[in-house]
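Let chain X serve as the given structure and place chain Y on it in line with the hints.
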Amino acid sequence: MTDVSEDRGSRLVEVRNLKTYFFTRRGIVKAVDGVSFTIERGHTLGLVGESGCGKSVTSLSILRLISPPGRIVGGEILFDGVDLLKLDDETMRRYRGKKIAMIFQDPMTSLNPVYTVGYQIAEAILAHHDIPKREAWQRAVELMRAVAIPDPEQRAKSYPHELSGGMRQRVMIAMAISCHPELLIADEPTTALDVTIQAQILELLEHLRRTMNLSMLLITHDLGVVAETADRVAVMYAGKLVEIASTRDIFTDPQHPYTIGLLRCVPRMTTAGQDDQRRRLETITGSVPDLVNLPPGCPFVPRCPEAHSTCRQGEIAFTEVSPGHFVRCVARGSEVIPHPSELAVGVESRAGGGD
Amino acid sequence: MREDEKLVEVIELKKYFALRKGLLGTQRQSVRAVDGISFTIHRGETFALVGESGCGKTTTGRCLLRLIEPTSGSIRFAGTDLLSLNRAEMRAMRRHMQIIFQDPYAALDPRMTIGQIIEEPLQIHRWGTKAERRERVRQLLAEVGLDSDAIHQYPHEFSGGQRQRIGIARALALNPTFIVADEPVSALDVSVQAQIINLLQDLQDQHGLTYLFISHDLAVVQHLATRVAVMYLGKLVEVAPRSEIYRHPQHPYTQLLLSSVPVPDPDARRERELPRGEIPTALNPPSGCRFHTRCPYALPECREQEPPLIEIQRHHWVACHLVGHNHH
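Respectively, the protein sequence lines represent chains X and Y.
Going from the first sequence to this note's numbering is simple: count from 1 and add 137.
Going from the second sequence to this note's numbering is simple: count from 1 and add 1198.
Keep in mind the hints are simulated off the structure, nothing from the lab.
Note that CB positions come from ideal geometry on N, CA and C, so glycine has one too.
It is possible that part of the hints are untrue.
What the hints assert, rightly or not - Quick partial rundown of chain X residues pointing at chain Y, CB under 8 angstroms, derived from the structure:
#, residue
1, 260
2, 360
3, 398
What the hints assert, rightly or not - Computed beta-carbon distance windows for the label pairs:
#, chain 1, residue 1, chain 2, residue 2, range
4, X, 225, Y, 1495, 52 to 60 angstroms
5, X, 287, Y, 1470, 14 to 22 angstroms
6, X, 427, Y, 1251, 32 to 40 angstroms
7, Y, 1310, X, 460, 51 to 59 angstroms
8, X, 340, Y, 1209, 37 to 45 angstroms
9, X, 445, Y, 1288, 56 to 64 angstroms
10, X, 343, Y, 1276, 30 to 38 angstroms
11, X, 427, Y, 1282, 48 to 56 angstroms
12, X, 163, Y, 1217, 41 to 49 angstroms
13, Y, 1501, X, 287, 14 to 22 angstroms
14, Y, 1236, X, 343, 39 to 47 angstroms
15, Y, 1310, X, 217, 53 to 61 angstroms
16, X, 154, Y, 1470, 34 to 42 angstroms
Claimed, not checked - Quick look at which bits of chain X chain Y covers, simulated, 3 or more residues with Cβ under 8 angstroms:
#, stretch
17, 297 to 309
18, 332 to 341
19, 380 to 393
20, 399 to 409
Bound conformation, chain X alone (with noise of 0.2 angstroms):
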């Protein structure tokens, strides 16, 4: 764990238009569908946005962990500049656990429960490291120090039910950190944690990234989690991504009607001066659209206060209202292209009738 934060900033992640679909009796549910963003190093990006959004689908994406009936059908992810869609599954698999590393919300899904945890770590370092056993159960007991498991010594000998949530959250991010990844993809990691636990994993985190210089793409749809350790931050919606942003940015002068609202209807706690109880929360009228078959243009169209007839005539262009501020919204000026192209892009014959 050198500090080699003197590339911090270059980039190491660039995702552009990315599609992925998943072909359903229903009808074709476009569960992301046309994203791209960028991730520096040392740096961690927040995805934000409510369930269904498609904000797991992307960071599965990354990993090219999609099965049938989702196929990504579209779009590029450069990771130090290699397209991961090209490669072979030789290479990817390569690129699993040694390059990208990703933990979940619950790691009780993740745990083998049969086995012990540093047994576990030790699996996950020999998959990547051809060393002896015992030097792997070694690192396992070295990274499970590294993450402030007390005692790990014998916290190694443990089975996943024998520890906290905090605890087997904490073993998850040893064994994802165990072979240096650069990028760190963390899938609401605290949501099933207790708020003081939440803390903790949080802090432990942050010094992960500055120690080890990892960017982190954090998936979460708590706004206060992603203002504490995000520095841009994208907010996505049925599928697409609305505005992305410095995190000061997204807080202090929100553009999208979409990341406006879903600021205003979260009720924010406060322990100094005026708190606003009895103040109605102003709320964002009716419920996530269906994706299947969702109709062109903005999805957020039927719940937007600021809906314009043009708003649906198109795919809605990114525009950058500020240096680096980026949000897809007609009433912000947003350029609408007319006749989408998405009946072009690899949906070709098997989905008839796909309009």
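Just chain Y, lined up with the frame of chain X:
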């Protein structure tokens, strides 16, 4: 609403769950989920019970309605000692006290139509004629913001937020005075959560409802609560009016809890005192003050003596040896 009129009075409530261990199930152990707590809920207020998983807040809520039987203690509801009632009397009492659950998916029978689900409590309590019940169901649906077409539909046809509205309509059917809301918005997306919070407030205003609001979300609680009780491992550590708890938290656990909440404001990123250690289990809670293993200020006596909940100033109760020292 008369101020300070007691609706619910809980005294020394305990709920122990027996666990059998060992090969023949002969070793007995018990989880002290709720271990002697006392509090009062006033008519028309929202009394929030907060704490982390396993602290006993859900068990407390269920005990209040006798959905699970308390081990000991007393619960008075509108002057009646609930634990002295027999089954039939308790059932009759339940029309005044209802519960809303966290998971609107699990709480509704998937084989029943929405009409049947909401009508069921009316039938159980032999309320009105069939026509009157149908009319009441329509009225309830309108009240929670659902279309009357919903009557013939099934739970799976609704989103999470709509299902929570159905659960609320069912809870309201018999015009209760008291509702236990157990994490009612925790499973919902933020945009939907706000709608349900507003609905709960509107219903309270219209019907003068009293809520026991059980939640781990301190931002939601600050928005809704009149008073807040903080629970840790089966004990109350602090009880105070909402603004007191948030502005002048006294118990080290309350302080830790509040400083752990991530705030959606990048300018508010703060150097926080990181919580130490893990939450012990209620199977084998620490001696003395149960928080002493994680408390940054623990004194030797905290390990030995359990601090009583004392009123350090009007309406502000704290169970902490240190706070006691400062004020006496």
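Results for each hint:
Taken as an interface hint, residue 260 (chain X) does not check out: its beta carbon lies about 26 angstroms from the nearest beta carbon of chain Y, beyond 8 angstroms. A distance limit of 8 angstroms between C-beta atoms decides the matter here; for residue 360 (chain X) the minimum to chain Y is near 4 angstroms, and the interface restraint holds. Annotation: interface hint on residue 398 (chain X) holds; nearest CB of chain Y at approximately 7 angstroms, less than 8 angstroms. Range check, residue 225 (chain X) to residue 1495 (chain Y): Cβ separation about 59 angstroms, and the 52 to 60 angstroms hint holds.
Restraint check, residue 287 (chain X) to residue 1470 (chain Y): a C-beta distance of roughly 20 angstroms satisfies the suggested window 14 to 22 angstroms. A hinted range of 32 to 40 angstroms holds for the C-beta pair residue 427 (chain X) and residue 1251 (chain Y), which are about 33 angstroms apart. For the pair residue 1310 (chain Y) and residue 460 (chain X), the beta carbons lie near 56 angstroms from each other, so the given range of 51 to 59 angstroms is met. For residue 340 (chain X) and residue 1209 (chain Y), the hinted distance range of 37 to 45 angstroms is satisfied, since their beta carbons lie about 41 angstroms from each other.
Between residue 445 (chain X) and residue 1288 (chain Y), the C-beta spacing of about 58 angstroms keeps the proposed range 56 to 64 angstroms intact. Remark: the range hint 30 to 38 angstroms for residue 343 (chain X) to residue 1276 (chain Y) is contradicted by a beta-carbon distance near 51 angstroms. Between residue 427 (chain X) and residue 1282 (chain Y), the C-beta spacing of about 52 angstroms keeps the proposed range 48 to 56 angstroms intact. For the hinted restraint 41 to 49 angstroms between residue 163 (chain X) and residue 1217 (chain Y), the CB-CB distance of approximately 46 angstroms keeps it satisfied.
Hint check: residue 1501 (chain Y) to residue 287 (chain X), Cβ distance near 19 angstroms, so the stated range 14 to 22 angstroms holds. At about 41 angstroms, the beta-carbon gap between residue 1236 (chain Y) and residue 343 (chain X) stays in the expected band of 39 to 47 angstroms. Between residue 1310 (chain Y) and residue 217 (chain X), the C-beta spacing of about 55 angstroms keeps the proposed range 53 to 61 angstroms intact. Look at residue 154 (chain X) against residue 1470 (chain Y): about 40 angstroms separates their beta carbons, and that is inside 34 to 42 angstroms.
A stretch counts as covered by a chain when three or more of its residues have a beta carbon under 8 angstroms from one of that chain; for the stretch 297 to 309 of chain X and chain Y the count is 3, and the coverage holds. Chain Y is given as covering the stretch 332 to 341 of chain X, and this holds because 8 residues of the stretch bring a CB closer than 8 angstroms to a CB of that chain, at least three being needed. Counting residues of the stretch 380 to 393 of chain X whose CB lies closer than 8 angstroms to any CB of chain Y gives 4, so the stated coverage by that chain holds, three being the minimum. As drawn, the stretch 399 to 409 of chain X meets chain Y at 10 residues by the rule of a beta-carbon pair under 8 angstroms; at three or more, the given contact holds.
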